[in-house]
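Protein chains in written order, with the working numbering: chain A, 1 to 350; chain B, 1 to 316.
For the record, the hints were derived by calculation from the structure and aren't laboratory data. Do not rely on the hints blindly, as some may be mistaken.
When the alpha-carbon atoms are kept at most 27 Å apart in a straight line, the in silico DSSO-like pairs for lysine-lysine are as follows [to be verified]:
no., chain 1, residue 1, chain 2, residue 2
1, B, 269, B, 122
2, A, 278, B, 203
3, A, 263, A, 278
4, B, 203, B, 241
5, B, 122, B, 203
6, A, 278, B, 122
7, B, 269, A, 237
8, A, 278, A, 237
9, A, 237, B, 241
10, A, 237, A, 263
Predicted model, so just to flag it, every value in this text is computed and none were measured.
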Amino acid sequence: MTALTNPAPRRTLLAHLFASLRGALPVVVVVAALLGLWLAAVAPMNFRLALDAAMRGGEDVTPATPDEQGETGLVRLMIDNPGVIPAAYAFERPRLPRPQDVVVEMYENTIGLARGCEFTGWGAGREHWTGLSEGCLRVVNNRRSLLFHAWQTLAPTLLGFAIGTGLGILLAVGIVHNRTMDLSVMPWAIASQTIPILAIAPMVIVVLNAVGVQGLLPKSLISSYLSFFPVVVGMVKGLRSPRGMELDLMRTYSASGAQVFWKLRLPASLPYLFASLKIGIAAALVGTIVAELPTGARFGLGARLLSGSYYGQTVQIWAALLMAALCAAVLVWLIGAVERRVLDRMGLAR
Amino acid sequence: MNAGGNEVLRRTSRGTSKSLVRLGLIAGLVVIAAALDWRAGLLLAIWFGAWGLNTVLSVRPTQVTRFAVPVIFGLTLLVLWQVSVRLYDVNQVILPAPSDIWVEIRTNGPILWADFVQTVVKGALSGYIIGAALAIGTAIAVDRSPFLQRGLLPVGNFIAALPIVGTAPILVMWFGFGWQSKAAVVVVMVFFPILVNTVAGLKASDAMQRDLMRTYAASYWQGLFRLRLPAALPFIFNGLKVCTTLALIGAIVAEFFGSPIVGMGFRIKTSFGALELAMVWAEIAVAAVAGSALYGLVAWIEARMTFWHPSQRGKT
Numbered sequence: 001m002t003a004l005t006n007p008a009p010r011r012t013l014l015a016h017l018f019a020s021l022r023g024a025l026p027v028v029v030v031v032a033a034l035l036g037l038w039l040a041a042v043a044p045m046n047f048r049l050a051l052d053a054a055m056r057g058g059e060d061v062t063p064a065t066p067d068e069q070g071e072t073g074l075v076r077l078m079i080d081n082p083g084v085i086p087a088a089y090a091f092e093r094p095r096l097p098r099p100q101d102v103v104v105e106m107y108e109n110t111i112g113l114a115r116g117c118e119f120t121g122w123g124a125g126r127e128h129w130t131g132l133s134e135g136c137l138r139v140v141n142n143r144r145s146l147l148f149h150a151w152q153t154l155a156p157t158l159l160g161f162a163i164g165t166g167l168g169i170l171l172a173v174g175i176v177h178n179r180t181m182d183l184s185v186m187p188w189a190i191a192s193q194t195i196p197i198l199a200i201a202p203m204v205i206v207v208l209n210a211v212g213v214q215g216l217l218p219k220s221l222i223s224s225y226l227s228f229f230p231v232v233v234g235m236v237k238g239l240r241s242p243r244g245m246e247l248d249l250m251r252t253y254s255a256s257g258a259q260v261f262w263k264l265r266l267p268a269s270l271p272y273l274f275a276s277l278k279i280g281i282a283a284a285l286v287g288t289i290v291a292e293l294p295t296g297a298r299f300g301l302g303a304r305l306l307s308g309s310y311y312g313q314t315v316q317i318w319a320a321l322l323m324a325a326l327c328a329a330v331l332v333w334l335i336g337a338v339e340r341r342v343l344d345r346m347g348l349a350r
Numbered sequence: 001m002n003a004g005g006n007e008v009l010r011r012t013s014r015g016t017s018k019s020l021v022r023l024g025l026i027a028g029l030v031v032i033a034a035a036l037d038w039r040a041g042l043l044l045a046i047w048f049g050a051w052g053l054n055t056v057l058s059v060r061p062t063q064v065t066r067f068a069v070p071v072i073f074g075l076t077l078l079v080l081w082q083v084s085v086r087l088y089d090v091n092q093v094i095l096p097a098p099s100d101i102w103v104e105i106r107t108n109g110p111i112l113w114a115d116f117v118q119t120v121v122k123g124a125l126s127g128y129i130i131g132a133a134l135a136i137g138t139a140i141a142v143d144r145s146p147f148l149q150r151g152l153l154p155v156g157n158f159i160a161a162l163p164i165v166g167t168a169p170i171l172v173m174w175f176g177f178g179w180q181s182k183a184a185v186v187v188v189m190v191f192f193p194i195l196v197n198t199v200a201g202l203k204a205s206d207a208m209q210r211d212l213m214r215t216y217a218a219s220y221w222q223g224l225f226r227l228r229l230p231a232a233l234p235f236i237f238n239g240l241k242v243c244t245t246l247a248l249i250g251a252i253v254a255e256f257f258g259s260p261i262v263g264m265g266f267r268i269k270t271s272f273g274a275l276e277l278a279m280v281w282a283e284i285a286v287a288a289v290a291g292s293a294l295y296g297l298v299a300w301i302e303a304r305m306t307f308w309h310p311s312q313r314g315k316t
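Pulled out of the complex, with its shape left as it was, chain A reads as follows:
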């Protein structure tokens, strides 16, 4: 239907694509510069390690003894031993891995885990629901899989985010409609933002485990706490955003309190809500990851970070970090997409 009534959607699409490409160029350049900086930093970061390995391997290095090397500056060492620089890039356990090493690690721990993957067709049994052979599921089932760990982190994040957002909206409605609540709770809601509560997230987990709360809930509690206050603060602002004129109009319609809320305050608050949701979901993800850190959690991105740091597996740390970044990006993007859709339909799009 829409294609018939709108005769030239193709040109606008092309123009749109072109415009967005032009807009993306600076971003691409900046990202490329950052990657270049990373790649350039690999040599100096790993150089001393590589030089040490080269010396043990019997190669001639310019200050011959380790003591002299320790006293020589890094730049001097690199100028005197240009032959060692390639070794710094190919180092086994580097202090700083190359970007491509991290990408390879990510591939190996996701898609690369599949063994004998093929399409078997959908069958009747429960094990055939994906229509793929057993080996494919290793991509998400295997204990080494980053996707498996990412889901272990995402599930509590999403649950906690849902709880925190729900409670936050409820409290905001209470604050807007009850003066006592406003005066009592609001200053604390704002002050609590300045308290580094995230730092004790791991302890909260263990205490909850001791009390008998287990599974998703303890981690969700942290992420719900972290997403709770941004939502409260943003939502209160949003519910109060209708101006006196608009409220007066509702009064001339002799609208009831409930009608004012559903037809004016709630719709007016949505732009504020979405802005807080984006902050909230990012905070919730950070909360879950930190909650997994020193509690001996075996699964999850935080656990990968910690085990990587214990065993000096830098590539594993970087891969877990990149995965966490991807998760955050996808979550924020998803909320952004919903925001655009909803605000478009309400005619509130900026």
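We have chain A; now place chain B onto it with these hints.
For chain B alone, kept in the frame of chain A given last:
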């Protein structure tokens, strides 16, 4: 403000019958709870008593009640915490009472002070200052190239939303267990939020104002220091305030990955391992006070430096 005033008027003119019914309901609830378990009844009575007091106080808000009501609310929570821990005899390992935490703070003052200096002053504060200086410097450097700005803003916004605290194990590996690695984590954490805010702030001056500078034949640097940096201050302080908490979180969490035998993160981790929960809570209290103080300090400097901004002029 107007609408709120009308609401109060309406509420008081509606008569007292409705609030009497409500009072009766609450009293009934407390009595029923007390009959089932006298301790629950007591807790409910404390809660509703304080809430009632706040309700009465907040009918006509004045300067005094605006201050008193949140204080009463906070004290009520503390009293409820204390009383319920004592009445229900909660295990120290699960939740110590506020009085136990206070005793712990009093007796372990020197340890807490040493931890505070190690984590907040050496780790968080130095990292915060270095990170902020780097970010503001980068923003000014980038400012001359609109192309770089257009690239850096989305990338910076994106990175600011990432779980950067995850870089802590890497940075601890690079910079060792001392406070330097904690400062490095803090630098990375605060850099992008402040950068993004400063870049946005440097664009905040009006075209008219910039034209005026041009008619004065002001050089780039004169324009920067006399007009654009002052105009950017509200934005910069916005970023600085957000980052005070981030700095503390970064410094404490980084200590979980390795630290000398002093520091708040170290103490939280080891005290927790030894099941000395009161000490953990004491550190949390110190962290909360330090976080609020740091925020307050930045807010105070902001009020002194941006006194001309509309957001500050309403305050006294």
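Here is what the structure says about each hint:
{"no.": "1", "hint": "B:269 / B:122", "result": "holds (19 Å)"}
{"no.": "2", "hint": "A:278 / B:203", "result": "holds (24 Å)"}
{"no.": "3", "hint": "A:263 / A:278", "result": "holds (24 Å)"}
{"no.": "4", "hint": "B:203 / B:241", "result": "holds (20 Å)"}
{"no.": "5", "hint": "B:122 / B:203", "result": "violated (34 Å)"}
{"no.": "6", "hint": "A:278 / B:122", "result": "violated (32 Å)"}
{"no.": "7", "hint": "B:269 / A:237", "result": "violated (38 Å)"}
{"no.": "8", "hint": "A:278 / A:237", "result": "holds (16 Å)"}
{"no.": "9", "hint": "A:237 / B:241", "result": "holds (19 Å)"}
{"no.": "10", "hint": "A:237 / A:263", "result": "holds (17 Å)"}
Hint violations for this structure: numbers 5, 6, 7, all remaining hints satisfied.
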